[in-house]
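Let's have the full structure, built from the sequences with the hints guiding it.
Chains as they are written, first to last, in my numbering: chain A, 1 to 156; chain B, 157 to 942.
Simulated from the structure, these hints should not be mistaken for lab results.
All figures in this text were calculated on a predicted structure; none of them were measured in a lab.
Quick reminder that beta carbons are idealized off the backbone N, C-alpha and C, glycines included.
Certain hints may be false.
[Stated by the list, open to error] According to the in silico footprint, chain B covers these stretches of chain A (three or more CB under 8 Å from chain B):
1) 51 to 61
2) 119 to 132
[What the hints assert, rightly or not] Quick partial rundown of chain B residues pointing at chain A, CB under 8 Å, derived from the structure:
3) Arg171
4) Asp174
5) Thr182
6) Asp281
7) Pro357
8) Val405
9) Ser440
10) Gly662
11) His835
12) Thr862
13) Ala864
14) Leu867
15) Val868
16) Ser870
17) Leu874
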Amino acid sequence: MTHITVKVDGTTYEDEVEPRLLLIHYLRDRLGLTGTPIGCDTSNCGACTLDLDGESVKSCSVLAVQADGGEVTTVQGLAQDGEWTGLQRAFHERHALQCGYCTPGMIMAARDLLRENPHPTADEVRQGLEGNLCRCTGYQNIVRAVLAASEEEVTA
Amino acid sequence: MTETVEREVGRARPRKEDAHLITGQTTWTDNIDVNGLLHFALLRSPMAHARIERLDVSPALERPGVVAAFSGRDLAEGLASMPCVWPVTEDIVMPDHPPIAVDEVRHAGDPVAVVVARDRYTAADALEAIEVDYDPLPPVLDLEEALAEDAPLVHSDKGTNRCYTWPLKTGEDFDAVRQRAEVTLKRRYHQQRLIPNAMEPRAVVVTPIAASGEYTLYSSTQIPHILRILMAMVTGIPENKLRVIAPDVGGGFGSKLQVYGEEAIALAVARRLGRPVKWTESRSEGYLATHHGRGMIQDIEIAANRDGKLLGLKVDLLVDMGAYLMLITPGTPLLGAFMYPGIYKMDAYDFTCTGVFTTRTPTDAYRGAGRPEATFAIERTMDELAAELGLDPVELRRRNWIRHEEFPYTAIAGLTYDSGNYEAATAKALELFDYDKLRAEQSDRNDRADTVRLGIGVSTYTEMCGLAPSRILRDLRYVAGGWEAASVRMLPTGKVEVVTGTSPHGQGHATCWSQIAADVLGVPFDDVEVVHGDTKAAPQGMDTYGSRSLVVGGLAVHHAARKVVDKARKVAAHLLEASENDLEFTDGVFSVKGSPEARRTIQEVAFETFSSHDLPDGMEPTINAEHLLDPDTFSYPHGTHLCAVEVDTETGQSRIRSYVCVDDIGKVINPMIVEGQVHGGLAQGIAQALYEEAVYDEDGNLISGTMADYLVPSAPDLPEFVTDRTETPATSNALGVKGVGEAGTIASTPAVVNAVIDALRPLGVEDVRMPCTPERVWKAIEEARS
Ligand code: FES
Ligand code: FES
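What follows is the structure, encoded as structure tokens:
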């Protein structure tokens, strides 16, 4: 067992964890923060994407111990005082989700994309989201949503 | 008459479902946690076919944290065979299908043992400790060899791998028609196996109340109502003590239109232990255990005259059932049987389908279920015929399709299409696509012998939606009905609850049903809440699949809301001391004709009805209404899809350059949701054409067994789609709706493959097996060259 301290969506947690425990399972099963889902076991789908210390990571390929001392932001930590971010609004307004299972990961990946490239082209958005699979939308409305958010210069 | 102003229907409303999904406040089944929850994991067969000689779970029990372990034999008592509800013929072979294997495994991934532990890691680890000796048996993989006299048997007690043969012959005798035809063509197409890949893996949670024998089963299912009935039958738990909840469900595409062994196992384990249990599949486990789609060989023969007039069609299918019959495995290809002739007129149709058992994961419904396969076959063949006759493929279609003025039209397979306008949809699509310009560019490239060729693919289709009419289902030997239930409750405060028997997993029912109810009742959209997916809260229903939700379920909501208005009108008339006939109802307000100040809002009526101080004699104090709808017929969306593909003849790489579709789904409730459904459908159909395939090795191992090996397209793999619509309302229902969920998938696969072949035809290529990967395309070019 290893002692870790992690700040998640603004709250600091201290825990003893098995060294092999994945960050996504730590969040979901130990902290009950189930806003980030799991879609695969091969780091291919991107459903579990979140922000660790300013980098977007697939949390199914990060150990909880690797997040020790770090700061995690999940989709649950985006809205402030009930106010959605521009990306969340854009996803809603452009119908960029259907079942919504890929959505937390998509929003987190898109957020990272816009941080690095605030005004991407449609192709750049497509390339940037390559690691995130969606089975419902055919991606078109996701691309539209990300472009719409970028036009608002929303990078929060 | 009720007069309503349509304020909501037709409006592109962002969805009410989104709020919790984009903020991470979801209840996927795997999110559910309860005190004392145990997790179970399943040991699965590593072999395609083997006898279980010995299986000992006891070493697993010694691991700390393990609470129980069971073999298939341990659990067999108290569990009946898994259900198949579509025995398509009288003499169909229906093998036993234990939820967990007892003596023999029949596909890689067949479960053989269960470990129940305190957490999921411990359960998964302890699987390793289980000792199993397998005696390998020969795998059965090839559909034709499986039917040979001396083939090894998937189910030895059945004496055959042939599950059934189902024929449909209509019109003239095909052989006679072939005799008088000027042209005949034969083609063989392979519909590769696909893995549906809903993004949410399947999950099951069971919470028992041991004292009363009640159980709640949470499942990531499309069919909570059907699941409840069938789980009661499989486990013997009385139906009225079993509650099934489908919480947020992350996609289905047919793969969750199923009653799975894991659901029965979860109930059995929870019953044994008196403790809540959870199981969640990993993606690679799901690839083995969640049903696959498609999987058939199609032999097609078409007969025509030189002028392109179709005379007859013969279809022979060999369909891979996989190792067991799941819920509707045998019936899936029959849904296509009626669709092979497509939108065309002809004199003879001769269809035969043979189901074959193999030692692979069972197949069942996958987006479109039977109809994509059918549409592919006819639309590919139409292109082949056009090439043979030297006709433009659009022109060939035009010469054969049912014309707008001919509707309603009873097509050769026996279905009566109520409405359609293929001319309009095609004209619009050609214009958006700039067909003539692309054809000019194509011939230019051909003339220059460009290494990058352009191909244009056409697909015109119709489908049958709204899987419902119970009498027709009876004729097809489907054991259940196809009706749908809705109830609409006006609450005392004037808010509205709509209870639907449909069970969405991304389709936006809450939004669309609210739009429908809001219009009929004249209440604000935001005042409507939709209840679904819980057999206690929505006790009746037939669930969501086959693009039936709107056409059956949405329509039931419409009718239930109309009944509410009718009843409210009686109360309003009483309160206003007017005759019902003198009341107008507009925008939620009843008013007396000619004296508009005499008025009651429907919300006021709701409160008056609740207080029930002054109701008409004999009226019950409620204005709730229920409607169970069993339509007379299906609905028939149609459309025209056009695809331009650039194929690099040196690398075999195909790139979609443009994709245009014009679908006619009748009246549209929410255009934004419709567009989203079309996009998603296109992505899945294009994926079949170009990317996806479940591949087995010669021992029957699934070698495309993870998301790393099975190519689900990501954003850069797909083009920007141009989608548009024509609107020819269905005449067979009050809303004029037709259904949209599967259209994109059905039409796109042949459009894309036709385009690839069209690009390569000048090089002598006539076909490429799906998926048209660069390697296959390149090889086809090489073969044609040599
Ligand atoms: S769960 Fe699929 S990438 Fe992490
Ligand atoms: S919205 Fe369902 S997977 Fe993306």
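Do the hints match the structure? See the list:
Counting residues of the stretch 51 to 61 of chain A whose CB lies closer than 8 Å to any CB of chain B gives 0, which falls below the minimum of 3, so the coverage claim is violated. Counting residues of the stretch 119 to 132 of chain A whose CB lies closer than 8 Å to any CB of chain B gives 9, which reaches the minimum of 3, so the coverage claim holds. Checking Arg171 of chain B against chain A by beta carbon gives a least distance of about 7 Å; that is within 8 Å, so the hint holds. Hint status for Asp174 of chain B relative to chain A: holds, with the closest Cβ pair at about 5 Å, below 8 Å.
Taking 8 Å as the C-beta cut-off, the interface hint given for Thr182 of chain B holds, the closest approach to chain A being about 7 Å. For Asp281 of chain B, the shortest C-beta to C-beta distance to chain A is roughly 10 Å, which exceeds 8 Å, and the interface hint is violated. For the restraint placing Pro357 of chain B at the interface with chain A, the shortest Cβ-Cβ distance is roughly 7 Å, inside the 8 Å limit, so the hint holds. The interface hint given for Val405 of chain B is met, as the beta carbon of that residue sits about 7 Å from the closest beta carbon of chain A, less than 8 Å.
Checking Ser440 of chain B against chain A by beta carbon gives a least distance of about 6 Å; that is within 8 Å, so the hint holds. Checking Gly662 of chain B against chain A by beta carbon gives a least distance of about 3 Å; that is within 8 Å, so the hint holds. Given the 8 Å rule on beta carbons, the hint for His835 of chain B holds: about 4 Å separates it from the nearest Cβ of chain A. The interface hint given for Thr862 of chain B is met, as the beta carbon of that residue sits about 5 Å from the closest beta carbon of chain A, less than 8 Å.
The beta carbon of Ala864 of chain B comes within 5 Å of a beta carbon in chain A, closer than 8 Å, and the hint placing it at the interface holds. For Leu867 of chain B, the suggested interface contact is broken, since its CB lies about 10 Å from the closest CB of chain A, more than 8 Å. Interface restraint check for Val868 of chain B: the shortest CB-CB distance to chain A comes to about 5 Å, inside 8 Å, so the restraint holds. Residue-level restraint check for Ser870 of chain B holds (minimum Cβ-Cβ distance to chain A is 5 Å; threshold 8 Å).
Using the Cβ-Cβ criterion of 8 Å, the hint placing Leu874 of chain B at the interface with chain A is satisfied: the shortest such distance is roughly 6 Å.
The structure does not agree with the numbered hints 1, 6, 14 stated previously, though it agrees with the rest.
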